[in-house]
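Position chain B against the provided structure of chain A, taking the given hints into account.
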Amino acid sequence: MSPEFSEKTKKKIEEIVARYPQKEAAILPVLHITQQEFGSISAEEEKLVARILGIKPIRVRELVTFYTMFSRKSLGKYHIQVCSNLSCSLLGAGNFVDYLVEKLGIEPGETTPDKKFTLSTVECLGACERAPCMMINFNYYGDMNPKKVDEILDGLK
Amino acid sequence: MQERANEMIKIFIDEKPVDAEEGTTVLKAAERAGIHIPHLCYHPAFPPEGSCRMCLVEIEGFPKLELSCSTVVKEEMKISTKSERVVEARKAVLEFLLAEHPLDCPICDKAGDCKLQDYYYEYGLFESQFKETKEKREKKLKIGKSLILDQERCILCTRCVRFLKEVTKTQDLGVFHRGVHSSVNIYEGTSVENNYSGNLAEICPVGAITDEDFRFQTRSWFLKEGESICPLCSRGCNILIEYHPGFSRFELPNRVYRIKARENPEVNGFWICDRGRYGYSYLDEGRADKIILNKIEGENVLTWENISEYLGEKINSMSSAKKTSGIALILHTWLSNEELFLLHKIFKKDLKVEKIFFADLPEGEADGFLLTSEPSPNRRGAQEIGFDIKAVDLSTLADGTDFLLAFGPFLSGLFSPKYLKGALSKIKRKVLFSSYSHELNSLFDVVIPVALIAEKEGSLTNVEGIVQGFQPALEPPGESLPEWKVLCDLGKELGMDSKFYSEFPSPETILSEMGEKIPFFKKKND
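Going line by line, the protein sequences match chains A and B. Quick note: the first sequence uses the working numbering, first residue 12, plus one each step. Quick note: the second sequence uses the working numbering, first residue 147, plus one each step.
There may be inaccurate statements among the hints.
[Unchecked claim] A partial selection of chain B residues facing chain A, derived with a Cβ cut-off under 10 Å:
# : residue
1 : PRO209
2 : VAL313
3 : THR316
4 : GLN317
5 : ASP318
6 : TYR333
7 : GLU334
8 : GLY335
9 : THR336
Just so you know, the hints here were simulated from the structure itself, not pulled from any lab data. We treat Cβ as the ideally placed atom computed from N, Cα and C, and that holds for glycine.
Excised from the complex, chain A in its bound form:
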């Protein structure tokens, strides 16, 4: 069955679309909503978004694959994104990723079997002053070290 947005989300999308002179311009906020609603944006969701915005699915695919904040695979409840760029790497992001790999038992790009955590390495998160940094869903965490990450992850349900 092809996916459908809930009535509440449909209303929200209508509001967003109305803000722009062209429907297509609403694509990024609509994709964020899609990701929240379905957990990932696969081909079915691409077609849904394309239909709503009156564009071709290929245009949606271009954006979904361009931006790392959209995932085509279904993600765990908590999406851990660790910065792998220069400042973070200089301050030990590599070791930090290794620690997470060992702790969670998954490689970057994978999800734990209980679907709780997904681990990703990403490009600059724009928080070099707090390197090494990471994001869990939409929250930032800086100056990371193994002790701190243990506390954060243990606090997540």
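Quick look at chain B alone, frame taken from chain A:
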């Protein structure tokens, strides 16, 4: 496509003063002045993209090198296309473009025809510093009827993506992912299926999109090209015919290997449709190359000279009333303006022949862009010359007819062989002028092989009334003759206005005579 005539300003390119149209880009101004600035992503049909960085130039007063494809000229601008900085930058750009390129030129269809290859030869010649492993991508992705995409060779100029967005508006290709992982692709379950898909292989500046129709058939450097006009509909798109001039180490079944679009902003822009591009088998397949004598009285006649003499004699011996009612003509609208004019003059005006019919291919469907519904190139020309285009009516045709002159192979497609044979058997003398060897030929006493548009000189009138001249791109096979020559000879034999036929021996002079007689033909576009 019409641009407003702008004021001219003076700029300097490589210290040479150059007049440039105000508002134009540096690249266009340079091209106009005969200075080539290397470029890959820029295509004159689209707005500048600026993604390949090949067209960088140095402009006095600008701290960085600028993109000539998108920088607009300004009065007194001093541009350098050859300075040390530009030369170094070009080299660096090429090095980046080639870093991820598979360098499989020996097995690439585009080799010899590839801008990336040419530019490396001209501007690159660096030693590769790339020691890393190259990204592995799809090398043989079928993306359309006749198109193969090699993502490794792609330099991401997006000409193909933009063509499908702006020209066909079908958006079949997109760029997925980003950075080093970027690649052009189709959406699963879809493919490039429009009637203009072949243009993609032509505008791809590298070997990323190749045409299955041409792939591995020959090497581009064996081919020569000749200019012609596509006769497959009444648009009259300007084309290049790429053919084998003879020499090869390989056995060759055909002469013609590829048709390409030739730019003409008034007719076809930069494009041709797939029907015109891939429908070139008519140039080589089933061609007649010898005069066929099935049934002819009197002495053996073997050459066209003998035959035209014989035909002239037979027609001249008829009374003028008999000429009017006893001669029938079957024409078609692949004939040039000049040929139709001669036919009109000889048979309609001078001999007052009544039974003139047209046998053409059945009407097709227009595609809303270039392809028209008329599957022949010169219907408009025939109308302007004064022909009433009537379809063949076999019973009227055969009734009281002694002499039939038929042109073209299309008669066979219009009637069943039995019906056709029955009707034609009532006519005493029958001559066919056709480019093809076909069953139809056996129904005629004599068959004269004739040249196709690609093999002769003349002009055509397209659907919009644009008269376009053409020159032979190929040699006519064997004994084939252009119809204008045949008709000049016949006109001479028939003894009417013989001065005309000796004075106007070429299509060019016939057309200027036409211009005198029919004002429509005064203006010819070349």
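Against the structure, the hints come out as follows:
1. PRO209: violated (26 Å)
2. VAL313: violated (15 Å)
3. THR316: holds (8 Å)
4. GLN317: Hint on GLN317 of chain B: holds, closest Cβ of chain A at ~5 Å, below 10 Å.
5. ASP318: holds (7 Å)
6. TYR333: Holds: closest Cβ of chain A sits about 4 Å from TYR333 of chain B, inside 10 Å.
7. GLU334: holds (7 Å)
8. GLY335: holds (9 Å)
9. THR336: Because about 8 Å separates THR336 of chain B from the closest Cβ in chain A, which is inside the 10 Å limit, the hint holds.
When each numbered hint is compared with the structure, violations occur for hints 1 and 2.
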